[in-house]
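**Student:** For reference, the chains in residue letters:
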Amino acid sequence: MNDKRVVITGIGLVTPIGIGKDIFWENCLSGKSNIRRITAFDVSEYNCKIASTIDNFDPTQYMDKIIARRSDKFAQFAIAAASMAMEDSRLNNPDPKYTGVCVGTGLGGMVFAETQIVNIIDGGNTAVNPVSIPKIMPNSVANQIAIVHNAQGPNLTICTACSSGTHSIGQAFDTIRRGRAKIMIAGGTDSPIMRYNFLGFDKLSVMSRRNDNPESASRPFDKDRDGFVMGEGAAVLILESFDHALARKADIYAEIKGYSVTSGAYHIVMPRPDAIDVARAMRLCLNESAVTPKDVDYINAHGTSTIANDKAEAKAIVNVFKEDAQHIPVSSTKSMIGHTLGAAGAIEAAVCALTIISGKMHATVNLETPDEDCRLNHIMKKHLKRNVDIALSNSFGFGNNNACLLFSKM
Amino acid sequence: MNINIEETVKGMFSELLDIDCAKIKNDLLLIEDLAIDSFGFAELSFIVKEKFNFEISTEDTQGIKTVNDLICYIKNNLGRE
Numbered sequence: 000m001n002d003k004r005v006v007i008t009g010i011g012l013v014t015p016i017g018i019g020k021d022i023f024w025e026n027c028l029s030g031k032s033n034i035r036r037i038t039a040f041d042v043s044e045y046n047c048k049i050a051s052t053i054d055n056f057d058p059t060q061y062m063d064k065i066i067a068r069r070s071d072k073f074a075q076f077a078i079a080a081a082s083m084a085m086e087d088s089r090l091n092n093p094d095p096k097y098t099g100v101c102v103g104t105g106l107g108g109m110v111f112a113e114t115q116i117v118n119i120i121d122g123g124n125t126a127v128n129p130v131s132i133p134k135i136m137p138n139s140v141a142n143q144i145a146i147v148h149n150a151q152g153p154n155l156t157i158c159t160a161c162s163s164g165t166h167s168i169g170q171a172f173d174t175i176r177r178g179r180a181k182i183m184i185a186g187g188t189d190s191p192i193m194r195y196n197f198l199g200f201d202k203l204s205v206m207s208r209r210n211d212n213p214e215s216a217s218r219p220f221d222k223d224r225d226g227f228v229m230g231e232g233a234a235v236l237i238l239e240s241f242d243h244a245l246a247r248k249a250d251i252y253a254e255i256k257g258y259s260v261t262s263g264a265y266h267i268v269m270p271r272p273d274a275i276d277v278a279r280a281m282r283l284c285l286n287e288s289a290v291t292p293k294d295v296d297y298i299n300a301h302g303t304s305t306i307a308n309d310k311a312e313a314k315a316i317v318n319v320f321k322e323d324a325q326h327i328p329v330s331s332t333k334s335m336i337g338h339t340l341g342a343a344g345a346i347e348a349a350v351c352a353l354t355i356i357s358g359k360m361h362a363t364v365n366l367e368t369p370d371e372d373c374r375l376n377h378i379m380k381k382h383l384k385r386n387v388d389i390a391l392s393n394s395f396g397f398g399n400n401n402a403c404l405l406f407s408k409m
Numbered sequence: 000m001n002i003n004i005e006e007t008v009k010g011m012f013s014e015l016l017d018i019d020c021a022k023i024k025n026d027l028l029l030i031e032d033l034a035i036d037s038f039g040f041a042e043l044s045f046i047v048k049e050k051f052n053f054e055i056s057t058e059d060t061q062g063i064k065t066v067n068d069l070i071c072y073i074k075n076n077l078g079r080e
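As they're listed, the protein sequences go chains A and B.
For the first sequence, numbering that gives the first Met the number 0 assigns the number 0 to the initial residue and increments by one for each residue that follows.
For the second sequence, numbering that gives the first Met the number 0 assigns the number 0 to the initial residue and increments by one for each residue that follows.
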């Protein structure tokens, strides 16, 4: 195995609190939220009536109309983020054979699928759009990104629920380390705010019912949290072998030092109460990175704001970091943008890179009184300015898909 | 009505191919000039169905080589279904 170093040289973001890394980061540090009552469809009979949505996204600003028309919203988000990331990296016609793509998505093209199913019921068989399959298939996004950027190397799609984005970046990291690519366009995306999917989550009773005060609804680790808020968006990072980045004098955000994957093998939607699978994921990631718990300066938690997840994650952090768990700053990006499912891990990877480069850790907004079972060194109310050399990102998905990434300053 | 059909068809091509409507000339070949592949033709057929409420039958597609062929085909079949 050719154990190459891997660095981040580009970031593209499409999120409810900003399109583009600069506005996103500015809003992250100021604790902005865009959680609102859903207006796209009738939610009067739903328990949860709120979501974190992206306003004013025009796909044709980021791609030609043909690609926009042949792509569902989840793909458009990531295609846009990929183009931003490529521009940010200043890569100029990289070798196509050594340029790959890896994108995670929890759901794929469900928005368009829903419209087509309704069309069949209402209009019969001829009402199905011939673009249906290319729009719905989860791998369409990685394929379209490859077409746009002429990336002829590995092309992968990861589908591991809410950890898809983290797994995707991890797999891309491994792909470069194994020498299968020098550049990977890697990230995650989802567009889950549509009736069928939303109702499915609503019936699982995992989403917040703070409908009267949407911006306060996502409150990870707070004693009064009552579920997550669904979000949408995408993040794409440009991962590059250190040698390649060095040769072209690229600006580097951070290095990825480690990646770990475990499964709880426990339940299709519930986390293991003992959280040993999550703790093992963190330990494996630290070990692979040759980093001790004391070295970690910041933890970007999965922090969904559900009762079960936050409790399990806090338990696992204490299990791994022992007394250091009370000193290492922790925050959850989902407190502001909600849970963007397959995009979440990729957005949070971008957050870790931006944290390291800026020396600023965003707060967990709405966290007023930490749950007794979630005692950590939470960053509350205001962002924290402090040098960050090492940042750990946690992601856990339905089905006990656990993944961690560790980032370090160059 | 005929002028409207021609304009509508050219508008369809313009939308489908993301090119200026004025550049869609009647004698342009669908495959050779406009690079409409089989997937593009399926999209085109679907738009015809949406705009004119009838489908281009599979056997008829072979005879539609140019923009003008499609305009004539629609004129001849309008109101068929």
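Worth double-checking, as some hints may not be accurate.
Claimed, not checked - Simulated crosslink set (BS3-like; lysine-lysine; CA at most 30 Å straight-line): (1) A:Lys64 with B:Lys24; (2) A:Lys96 with A:Lys408; (3) B:Lys9 with A:Lys31; (4) A:Lys31 with A:Lys384; (5) B:Lys9 with A:Lys310; (6) B:Lys22 with A:Lys64; (7) A:Lys202 with A:Lys293.
Hints were generated in silico from the structure; no laboratory data involved.
**Student:** Which of the listed hints are not met by the structure?
**Tutor:** 3, 5 and 7
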